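Read off the chains here:
Number of protein chains: 2
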Amino acid sequence: MINESMYALGAAPSAIRELFAYGLARKAEIGAENVFDFSIGNPSVPAPAIVRETILELIEEDPVTLHGYSPAAGDPRVRQAVADSIRERFGVPAQASQVYMTAGAAAGLAISISAITVPGDEVIVISPYFPEYRTWIEAAGCCIVEVPAQVPSFQIDVDAVAAAIGPKTSAVIVNSPNNPVGAVYTRENLEALAAVLTAKEAELGRELYLISDEPYREITYGKEVPYIPTIYPRTIVCYSYSKSLSLPGERIGYIYVSDLMENAARVSTTVAGAGRALGYVCAPVLLQRVVQKCLYEPSDVAAYAANRELLAGGLAELGYEFVEPDGAFYLWVKALEEDAQAFSDRAKQFELLLVPSNSFGVGGWVRLSYCIARETIEKSMPAFKALKESYEA
Amino acid sequence: MINESMYALGAAPSAIRELFAYGLARKAEIGAENVFDFSIGNPSVPAPAIVRETILELIEEDPVTLHGYSPAAGDPRVRQAVADSIRERFGVPAQASQVYMTAGAAAGLAISISAITVPGDEVIVISPYFPEYRTWIEAAGCCIVEVPAQVPSFQIDVDAVAAAIGPKTSAVIVNSPNNPVGAVYTRENLEALAAVLTAKEAELGRELYLISDEPYREITYGKEVPYIPTIYPRTIVCYSYSKSLSLPGERIGYIYVSDLMENAARVSTTVAGAGRALGYVCAPVLLQRVVQKCLYEPSDVAAYAANRELLAGGLAELGYEFVEPDGAFYLWVKALEEDAQAFSDRAKQFELLLVPSNSFGVGGWVRLSYCIARETIEKSMPAFKALKESYEA
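Respectively, the protein sequence lines represent chains A and B. Quick note on numbering that gives the first Met the number 0: the first sequence kicks off at 0 and runs consecutively. Quick note on numbering that gives the first Met the number 0: the second sequence kicks off at 0 and runs consecutively.
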């Protein structure tokens, strides 16, 4: 008489988390330096100094107001500052009332999906996709519809999205820079998607939302990351400071319901209602104040760029095939056999922890997180060599 | 094509929050010292010094691990320390695996309800009750069943609970010390409830959970607050540090699924799954570490005890009727007319902000939060006098 689908979610943690836990145990067994853990996207660059400085400054304030409740949508000063930064950076007329502070992008996505769907609706994702999208879509009583990305560009297959949109479609979730592939959607690609959504809205007489999951916006290697609200008005941005400020455990981010959609205030109100329904009272207040001070802090992507070069270069030399990443900190590598799980299992024998692509909705690949120590990448190359040779023997 | 029930939740914020917002606006208008705001349960006692000291200590650690993800159920060291403290304080064999760190009791309740119900189930609450219970029960697709407390003791009416339990009942939520009434359930009362639940489990062949919402456990004025897992094994405790450590905005607490129920591990797994479904990745990690250091920190209830005496004494002298509170920091006062909303509205004319009882599921009362400045209480007495006289004219 417990909820069996909740039990199933608890009993089968995500493949990423499972491999991460295996890695911790294995490191305890044979020493951390002997395990090449490419499993989890825990930033390896420290939070910038301004985070520590801001905490030290805030901690001198009156604790009653410092740690007290903020309004459900967030501290008004923080919401205003976030709206100002969106306006300044992206040129959209963002108002504070459209910003809702959240406990990270995960909360933002769960809340947004609950806000703009009813049970039985369909939500489209571009595969390969972050596995928890399925969890949150199904938790809202909706069906996930997977539309494969184009190969080998891993841009959105806009014709396939058009074909997948039906009378029950509520939203399309996009994630650029992309986890797990590292693709950044081009302006042209996003404009084509927007055109399809606009046409389908008219055809179906139904609102179609674009949910833009943007934790990696700041982690890019030179390509433009277009701001989607400027391309499609009915966009809901789910942002997180987990990666840009290296604060993943602190759970801080925001939802921005674009002012450019005609029902902006109504959707914003619905987001607040959905947050309330899911048990969110307010985003952690100390961290709200911290990010307010860090809105213009550049992310330190140099370390990730160096890791990317090192890993991609090394694997290329060994003859591995992979997608050249334009953003995020993941390398999407072709498995050396069709069964990605079997490939990941064999890699374990060489102490290489690689996430099989099955959990991202496609077969035949593995994801390598390179937000790790440079030394780990260097030392892993003989293991990758041996893994490859084991398939050639 | 948004979700209309989520819109409704966003559009009609709780009466408490609404009055709180009115108060902020009114204070800006006529000066904070002229508004007597008894609306919200935001602790007025500062967080103990050890909170600040612990943050200052933690902030010197490596930021990569300090702010990194913890496992979904919490930092293993924190879970172990919480389990140890439960074992030491309450004599139950608490294991770390049964502790799940949450973003406050609100998250704990939303998660627990989702874990042990399926849509269509019924959850019993004791009225008057914290209004968000309805929100979370309905968000899980379940029906709320209100069972009035005994009057004037405001203990649980155990016979009425027995009569309300049916084949769809999944859980009873109890909250002691109680918001809004301040009642603390006696051991005898809880034992009678446990006996009814045990008998009904056998009769219906169905698990019946007791969800114990305990944010006010530490805020008591002398009465014993029995630990419910020692009385009824199938208990899920939702705890929060919002009140005991005055950290309401930081969102930190835990769920403890009692080890004493025969399916303890299974329920704990289901709680983890429900947390995942609702978008919780982990409880804020810095605050997890802070509460680990504060587990044996006594709550400063002296200020609340003094406020309680002052407010209760003053209102008694003026001839108001109220429930003598044994815990929490609320006074439940009889409205001077049947319509509590009309009474609250009239009180506003005297700059008194009192929450009408309708939002707690009963008519005819108002709730006064006395976690406020002593001076506000002192200065409010002429207003209470004038309010009373306005009904006698």
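A hint or two may mislead.
Identical copies carry no separate label here, and so any pair may be met within one copy or between two of them.
Said to hold, decoys possible - Each computed DMTMM-like pair below joins lysine to aspartate or glutamate, with the alpha-carbon atoms no more than 25 Å apart: (1) 333 to 377; (2) 167 to 137; (3) 199 to 3; (4) 384 to 28; (5) 222 to 344; (6) 378 to 61; (7) 167 to 388; (8) 384 to 59; (9) 384 to 337; (10) 26 to 377; (11) 292 to 83; (12) 26 to 60; (13) 222 to 28; (14) 26 to 200; (15) 26 to 74; (16) 26 to 61; (17) 26 to 217; (18) 26 to 323; (19) 292 to 145.
What the hints contain is simulated information worked out from the structure, not anything from laboratory work. The structure displayed is predicted, hence computed values, not measured ones.
Here is what the structure says about each hint:
1. 333 to 377: Within one copy only: 20 Å inside, 73 Å across.
2. 167 to 137: both (14 Å within a copy, 23 Å between copies)
3. 199 to 3: between (37 Å within a copy, 22 Å between copies)
4. 384 to 28: within (23 Å within a copy, 72 Å between copies)
5. 222 to 344: For residue 222 and residue 344, neither the intra-copy (34 Å) nor the inter-copy (58 Å) Cα distance is at most 25 Å.
6. 378 to 61: Only across copies: residue 378 and residue 61 sit 23 Å apart there, 49 Å inside one copy, limit 25 Å.
7. 167 to 388: neither (49 Å within a copy, 60 Å between copies)
8. 384 to 59: Neither. Shortest intra-copy (54 Å) and inter-copy (40 Å) distances fail the 25 Å Cα cut-off.
9. 384 to 337: within (19 Å within a copy, 81 Å between copies)
10. 26 to 377: within (17 Å within a copy, 62 Å between copies)
11. 292 to 83: within (13 Å within a copy, 38 Å between copies)
12. 26 to 60: between (42 Å within a copy, 21 Å between copies)
13. 222 to 28: neither (42 Å within a copy, 50 Å between copies)
14. 26 to 200: Close neither inside one copy (52 Å) nor across copies (46 Å); limit 25 Å.
15. 26 to 74: This pair counts as between: shortest inter-copy Cα distance 18 Å, intra-copy 42 Å.
16. 26 to 61: Close across copies (19 Å), not inside one copy (43 Å); limit 25 Å.
17. 26 to 217: neither (31 Å within a copy, 41 Å between copies)
18. 26 to 323: This pair counts as neither: shortest intra-copy Cα distance 29 Å, inter-copy 58 Å.
19. 292 to 145: Answer is neither; intra-copy 38 Å and inter-copy 46 Å both fail.
Hint check: violations occur at hints 5, 7, 8, 13, 14, 17, 18, 19; the rest are consistent with the structure.
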